[in-house]
Amino acid sequence: MDSCLNSHIVICNWNDKGDTIIKELHSNVHRNKKPIVIITRDPQSVPSSTEEEYQKVFIISGDPSDEKILRRASLDTADSAIVLSDFERGEYADAYSIIIALAIETINSDVHTVVELQKSRNKIHFKNSHVDEIICVEEITEKLVAQSAISHGISSIYLHLLSATLDTNEIYIIPVPRHFCGLSFRGAMKRVLSDKAEFILIGYMSGGQIYINPAKDESGHELKEGDRLITIAYSCPEFEKKG
Amino acid sequence: MRDLILKLRLRFWRFYSIFQVNRIMAIVAVLLAAILFGSLYLYFTEWVITGGKSRDSFCSLRESVWSIFVYFFSGLEDDYEPATLPGKIGAILIMIISVGTIGLFTGNIAAILFEKSKNKNIMKKKPPKIAFNKHIIFMGWSDTTRNILLMLNSCKGLKKRLFLIVEEKDDIILEREDLPYHIYHVPGDFTKEDALLKADIRNCSKCIIIYSGQDEYNDRLLLASYTARMLSGNGRITVLLHNNHNTGIIEKYADEIVSNDSLIAKLLSQSAITAGINPVWGRLLDPEGPGIGFYEIPQNLWKYTYRDLLARMETIFAGKRIIPIGYFDTRSNRSMINPRGGLESAEMENFHRLIIIKG
Chain E
1 MDSCLNSHIV
11 ICNWNDKGDT
21 IIKELHSNVH
31 RNKKPIVIIT
41 RDPQSVPSST
51 EEEYQKVFII
61 SGDPSDEKIL
71 RRASLDTADS
81 AIVLSDFERG
91 EYADAYSIII
101 ALAIETINSD
111 VHTVVELQKS
121 RNKIHFKNSH
131 VDEIICVEEI
141 TEKLVAQSAI
151 SHGISSIYLH
161 LLSATLDTNE
171 IYIIPVPRHF
181 CGLSFRGAMK
191 RVLSDKAEFI
201 LIGYMSGGQI
211 YINPAKDESG
221 HELKEGDRLI
231 TIAYSCPEFE
241 KKG
Chain G
1 MRDLILKLRL
11 RFWRFYSIFQ
21 VNRIMAIVAV
31 LLAAILFGSL
41 YLYFTEWVIT
51 GGKSRDSFCS
61 LRESVWSIFV
71 YFFSGLEDDY
81 EPATLPGKIG
91 AILIMIISVG
101 TIGLFTGNIA
111 AILFEKSKNK
121 NIMKKKPPKI
131 AFNKHIIFMG
141 WSDTTRNILL
151 MLNSCKGLKK
161 RLFLIVEEKD
171 DIILEREDLP
181 YHIYHVPGDF
191 TKEDALLKAD
201 IRNCSKCIII
211 YSGQDEYNDR
221 LLLASYTARM
231 LSGNGRITVL
241 LHNNHNTGII
251 EKYADEIVSN
261 DSLIAKLLSQ
271 SAITAGINPV
281 WGRLLDPEGP
291 GIGFYEIPQN
301 LWKYTYRDLL
311 ARMETIFAGK
321 RIIPIGYFDT
331 RSNRSMINPR
341 GGLESAEMEN
351 FHRLIIIKG
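If you're matching them up, the sequences are chains E and G in order.
Taking our numbering, the leading residue of the first sequence gets 1, the next gets one more, and so forth.
Taking our numbering, the leading residue of the second sequence gets 1, the next gets one more, and so forth.
Isolated chain G, as found in the complex (with noise of 0.2 Å):
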């Protein structure tokens, strides 16, 4: 039920959106205003006040609003023609405004139309069963948001899984048609909390709180990361920083800070060190590369050691392209690259996953 009134609710900000860029709310409640009054005043001009003596097609206003729209859709024909002076003028201005009315009408309903056909991604495909419950959130629209969505869209994993995006400027209904169908739009502010409960931040599995606007201090990402963390369940939260600014209050919120200076300094350093290195962070980096990624340890692998693991490797992992790098404890966060000193005589236990280089 949930899941069907979200549904729901986005499917009336996307038909919503259509409407305010197409101003057709507008234009129809003209053409409606020009048919109700053009009635009436040649309803009055040509049958009230000749007492009766004009044209049958103006005996009623049912009938007087029957030639009004004769005269918006096929213009004036014999029958309809008013025989007073006053409706003759009525009926030129109702005509002036017949054109101008339907021309935008039709216009807008091509617009929408084309929209339609354009967005194919949208429109055309079935959408599938999108899980609610597992979606990734993105707070803040910026040229980082849309790389980010476009190389998640690439990856095998996550080509059903629902994006929204949190953002407050409506630029990106604009730029929705390179996007996948299944990116939606949550207009609102994101460190506002209306606008993460509209997009059900309390089932998400991820936050991406990007921000490229004017925030030297990081203020408004360290608002969104609290608010965020007060609202999301076990959703996590992954702030990027473009400076270190407020860090350590940050962290405090989310649960992964990327920090571009930080981030890019230790590549900075390592480039200058060793020759060649970035071409292979390159390559481990990119989401459809051999990157770094989660092995979940089968049940019956449990209580072997980390160097057993790695001594067993070729039938263990037989068929499998994986070289396993460390380890990872997700109770307290901490991984164990290479381990050594003690740590790779660890028993391997459900809450530990192997930290792998993929294929």
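Next comes chain E alone, as it looks inside the complex (with noise of 0.2 Å):
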């Protein structure tokens, strides 16, 4: 394993979606790909790709749930880590999730721990684990095939928005430029359209809130510094340096 790994993301356990997973994080439209360490008991289910995405990608056979396991992954280091559902704990998959996820949390709290969980109603016991984002299965695919239900074709909006691609748009969090400061939000929209950027501004988060398309009140809001922008963009947005 490379000594020297930093800012890396840390996938624990592996399943069907670890392709997927692989696939967009060295996507082409990423300038820094992160490089990824897997964790699991069963290395021979990780494909063996000679695929530009799989490059970077380094494998660890163990228990993602072992402490001494975890830091041969340079956890310590990392940026982020996903914990999979390991399917062949069944019902247990999600108490198994928590025990990884408390195990990350333990050697390195600063590390962006996502976890992917399959039962919503198991939610409640993440609550004291400090997990960054919880993916839940049931609730995303719900609310996706409701919402197609109430506007044909609205599913492949959703999944072009989620796909990273350079064709692709995706949703970004970028923090407020300086110039942008003062403005309100719809003040930042006209500055967005006038200045014809490659970016959509669709709302911003403030206070720990998100206001996407914010009403006549919430779009008042004057931006301000640790505020940060919900835009729309085929990459990640940067800023000239303006006053």
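Each computed BS3-like pair below joins lysine-lysine, with the alpha-carbon atoms no more than 27 Å apart: (1) E:K68 with E:K56; (2) G:K358 with E:K190; (3) E:K196 with G:K358; (4) E:K216 with G:K320.
Note that these hints are calculated values from the structure, not bench results.
Could you fit the two chains together into a complex? Lean on the hints.
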């Protein structure tokens, strides 16, 4: 294992979603392709692909809830950790994910931990685990199917926004650029349009709250340092330094 | 006429399901049989065998039936008491049967009335006018189906929409109490033509296929999407897949595929790269939240380019809380989000829809 691994992504467990995750993380749309370390008890299940996306992908055989194994994956210098469900555990897959998440947070509480959860009822057990994001399979798919029942063809738009390729847009959350500070959300939108920027501004985050297409009273909020903009773009928007 | 027939059919299924659950038919049959045989028996023992020397209560078959009715509902009274020993034995048996059967009958009627009051959504509210030709069919029943239904029911635009659930299993009937009144169960296998025709698939606006049983290679989903495609008219077919097996073939028959695996994988990878993106997706996907939608372009704006529409956004969408993010071509089912490379200069036509972030 490369002992100089830094700002890498650790994937705990391996299932059918793993291949898509690797391809998304190492898509050409990302300028800095972060190395990926996969920890799995069944390394044979990881495809030994020669594809470009599988470069800088390392595999460690072992139990991802084992502290020693996590340290071998240089978790203390990792950027993010993804905990996938171990389907071999059956109905206890979520319980095993909680144990892994706790082990990760114990070793490095700064790592951005994302957990795949099968049952929404188990969400409550993650409350005290300091996990940063929980992706609940049930909830997301149910919401998407409901959306597609309301508007025909809408699911393809969501999938488009979720795919990281050079031809598709993604959602990016970026810090408010200095020259946007003091502007209202509507003012910032006008600025984006007049600058013919290559991204679309759809909302902002302030004080831990999310405002997507804010109402009139919310869109009057003056953007300030520390707020973040929610944008749709082909790649992460970058701003020239202005005033 | 067609609507009326379907409406009557649905009413019959609901009525029949109540009978099935409560076994009331069997009880009524036992009751009638007991009255018939009891009255015949007492007529013979009390009148025919004694040569007309017994009480007048059994002087004819008609009088005998009336006497049995009295036994059943008010017990043995002096005027109706049999005089012979076999008659008395028969009367005791009839009274024992009457206590049990009448008890069961009363209990079942009480159960039906209780069920009616419990399902107040179904019974108390006056059903609104339902558009049968725009109904949504759910093929397969699971917790996922139920959660989607409850989500859809909370959407303003779908309040009066009829939902039909095609499913073999009967447990849906038992769970109906927490579902709104315009959701109906169509019993039958959702891969079979007759079940889908019962649900009037030819006139539906959408078929959503959800199957959570054992189907590793999505064979059942494939068969269901094929059958639905062959039978549905203009209805769109959406399939929820749990893995990527046979996706290519299912794609041929379905209009939309929501693949659990790829969706979650994409979301997991986005979350690993951009911190805080998951709650944003949660808000966007919430049917009651500021999600993504389509906006029909008014005729006076046809021939404008997408770029023009954006430039005049302030005046065109004044008073509307929408943010355009691209446009959708309904002919080719292609979406152009944040269009570039000349696509932003395409003139808007009647087949285009703006893709917007709703307020």
